[in-house]
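Once you have looked at the hints, place chain X on chain R.
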Amino acid sequence: MTGNKLLSIQGLTTEFPTPQGPLVAVNGVDLEVARGEVLGIVGESGSGKTVLGLSAMGLVGLPGKVTAGRILFDGQDLTRHTEAQWQAIRGKRIAMVFQDPTTSLNPVQRIGAQMIEALQAHRDISKDAAKRMVLEAMVRVGINSPKERLLAYPHQFSGGMRQRVVIATALLNEPDLIIADEPTTALDVTVQSQILRDVRRLCQDTGTAIIWVSHDLGVVAQIAHRVAVMYAGRIVEQGMTNRLLKTPSHPYTAGLIASMPANAERGERLRSIPGGLPQLSNLPVGCAFAPRCPQASAACEVLPELTSTSAEHAVRCVSPLNEAA
Amino acid sequence: MFAFVLRRGMQSVVVLFVMSLIVFSMINLVGDPVDMLVNPESLPDEIERVRRDFGLDQPVYVQYWKFLTGALSGDLGNSFVFGRPALTLMAERFPATLELAICALIIAVTIGLPLGVYAGLRPDGLGARFIMGLSVLGISIPTFWLGLMMIIVFSVILGWLPVSGRGETAVFLGIESSMFTLDGLKHLAMPATNLALFKIAMVMRLARAGTNEVMAQDFIRFARAKGLSSRRIVRAHLMPNILIPIVTVVGIEFGTLIAFATVTESIFAWPGLGKLVIDAIVNLDRPIVVAYLLFVVALFLVLNLVVDIIYAVLDPRVRLQGDEE
Numbered sequence: 046m047t048g049n050k051l052l053s054i055q056g057l058t059t060e061f062p063t064p065q066g067p068l069v070a071v072n073g074v075d076l077e078v079a080r081g082e083v084l085g086i087v088g089e090s091g092s093g094k095t096v097l098g099l100s101a102m103g104l105v106g107l108p109g110k111v112t113a114g115r116i117l118f119d120g121q122d123l124t125r126h127t128e129a130q131w132q133a134i135r136g137k138r139i140a141m142v143f144q145d146p147t148t149s150l151n152p153v154q155r156i157g158a159q160m161i162e163a164l165q166a167h168r169d170i171s172k173d174a175a176k177r178m179v180l181e182a183m184v185r186v187g188i189n190s191p192k193e194r195l196l197a198y199p200h201q202f203s204g205g206m207r208q209r210v211v212i213a214t215a216l217l218n219e220p221d222l223i224i225a226d227e228p229t230t231a232l233d234v235t236v237q238s239q240i241l242r243d244v245r246r247l248c249q250d251t252g253t254a255i256i257w258v259s260h261d262l263g264v265v266a267q268i269a270h271r272v273a274v275m276y277a278g279r280i281v282e283q284g285m286t287n288r289l290l291k292t293p294s295h296p297y298t299a300g301l302i303a304s305m306p307a308n309a310e311r312g313e314r315l316r317s318i319p320g321g322l323p324q325l326s327n328l329p330v331g332c333a334f335a336p337r338c339p340q341a342s343a344a345c346e347v348l349p350e351l352t353s354t355s356a357e358h359a360v361r362c363v364s365p366l367n368e369a370a
Numbered sequence: 066m067f068a069f070v071l072r073r074g075m076q077s078v079v080v081l082f083v084m085s086l087i088v089f090s091m092i093n094l095v096g097d098p099v100d101m102l103v104n105p106e107s108l109p110d111e112i113e114r115v116r117r118d119f120g121l122d123q124p125v126y127v128q129y130w131k132f133l134t135g136a137l138s139g140d141l142g143n144s145f146v147f148g149r150p151a152l153t154l155m156a157e158r159f160p161a162t163l164e165l166a167i168c169a170l171i172i173a174v175t176i177g178l179p180l181g182v183y184a185g186l187r188p189d190g191l192g193a194r195f196i197m198g199l200s201v202l203g204i205s206i207p208t209f210w211l212g213l214m215m216i217i218v219f220s221v222i223l224g225w226l227p228v229s230g231r232g233e234t235a236v237f238l239g240i241e242s243s244m245f246t247l248d249g250l251k252h253l254a255m256p257a258t259n260l261a262l263f264k265i266a267m268v269m270r271l272a273r274a275g276t277n278e279v280m281a282q283d284f285i286r287f288a289r290a291k292g293l294s295s296r297r298i299v300r301a302h303l304m305p306n307i308l309i310p311i312v313t314v315v316g317i318e319f320g321t322l323i324a325f326a327t328v329t330e331s332i333f334a335w336p337g338l339g340k341l342v343i344d345a346i347v348n349l350d351r352p353i354v355v356a357y358l359l360f361v362v363a364l365f366l367v368l369n370l371v372v373d374i375i376y377a378v379l380d381p382r383v384r385l386q387g388d389e390e
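Protein chains in written order, with our numbering: chain R, 46 to 370; chain X, 66 to 390.
If you are wondering where the hints come from, they were derived from the structure by calculation, not from laboratory data. Ideal placement from N, C-alpha and C gives every residue a C-beta, glycine not left out. Be a bit skeptical, because a hint or two may be false.
As the list claims (entries may be wrong) - Coverage of chain X stretches by chain R, computed from C-beta distances (three or more under 8 Å per stretch; other residues unrestricted):
1. 159-165
2. 209-222
3. 371-383
What the hints assert, rightly or not - To give a feel for the contact side, a few chain X residues facing chain R, derived at Cβ under 10 Å:
4. Phe284
5. Leu308
6. Val312
Pulled out of the complex, with its shape left as it was, chain R reads as follows:
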């Protein structure tokens, strides 16, 4: 896998200065994505997964800043890129889809214009040619009568349709990687599974890799080859999706799986992990999950490293579960 990697994030740290000291949203994250691979990133709200995605796009808004680490994309270190170099990468080689389709599109510009500009930003292409490509892209994501839709405004579309437009836009330049930040969370369940299926198919066709960020393990299980679990800005476990879901090593992953509604007995109360995320500007010294962890012991006061337990699996815990597996 190492020879084939498209994206390699090493020790990435993104901080936001606050009056209470720096808020470390992404804390020394290491990640790799191979070409054509779908990597799921799972974590609860505030775990840093969205900021991780934005960091990889160079889109962390001020006053936030990447303060350490490297983002190697196809051999180039993106953290050293100038704004102009970033612009050449964004939308062309790495595209991004955001969570809320109702706000991702400019309300006062026609859909067609917003899609065409994504093409024209990266290649010298006539408006007519761009329009033809946009129409094809709209058909691919399942938008009916695309010709009329081209002239429509976002408010004339449903949420699902808008997200399809956003996805079609992201796919226009056939990027090597799409970072999808909870793209189906704002949609209802049937639309969600359709879009999930379509995105997987489209990316398979073009060989596009995906980083699929979600708080929903169920969604990630459907789409990702591998999963990384984030907690308080750090990756606490990563591995192949099946193995990770079946035999989680980190107590936090186990807690997430146990709290999935699908795993609850009928009539039983849904389970949850007690407690809440620690303050990112004031993390505990050792394992950030220890205060909520049923297995916590004195050993947890030292921050464990992310340690490989097998070729494909790594966990950041002093007493991982399912050791035998």
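Then chain X, alone, in the frame of chain R:
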């Protein structure tokens, strides 16, 4: 759209009628114009004659009825002082005020908009702070004082610009205006700048607030994720969105420029409507005051309508009431 304009037209007629009633009855409470018009040493029957000639001997409701029937046929009465129709007098003065207002508006937008957007894009920069400091000055410095200072500096001390008056005019495209001669422009420069100053500050603040708000939106982030240049984002995504509130406010402000340029016109002896109405108020020239106030009401009614229509053009989400789907 037609239905909308028609309905607003009918509403406007009602508003104008009510305003005429209020204006007419209020002005009849103030002073006695005959005292102003006739030499106080005249004989009593001389005074009576003048009173009869102007119809001021009749009860107010009779005077109003006369005014109303006249108004419906386009006659708002004759000036007591000049003995000529009030509308004609106003029409003679209107071009001077209009050119002053248009110049002031152009100055306000061309200076205020770019500075405001700049300040909004770099809210923490030194430039932005300086600009916002200027805008506070612009809003708080009294117009009349600044006008006098400008005259002292640019006319009296430096001798660059003429002190007062409208200067030479020329006819261009059938419009006579001092905008088309160098001498005219020299005369325009100070009063227009003086009148524009408050509006520059206002447009600046609006543009900055709008920019701050829009730049934080998801669709700007998505536009950046498409790899668009900052220039393209400002032009295609920021501008159309901030222009919506700015057009609304500037449209109405254009009305106040025309209607309330009085102070500036007095300082620079600009032969416009403002000067006419100030003189009319001093001389209790009722027909002119009434005609002027009704003109101002009509002006705002029309501007409101125009602003609403432009608003609907700029923002596709807005549908004018009375429009059929």
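Hint check:
no.: 1; hint: 159-165; in the structure: violated (count 0)
no.: 2; hint: 209-222; in the structure: violated (count 0)
no.: 3; hint: 371-383; in the structure: holds (count 4)
no.: 4; hint: Phe284; in the structure: holds, 5 Å
no.: 5; hint: Leu308; in the structure: holds, 9 Å
no.: 6; hint: Val312; in the structure: violated, 12 Å
When held up to the earlier numbered hints, the structure conflicts with 1, 2 and 6 and fits the remainder.
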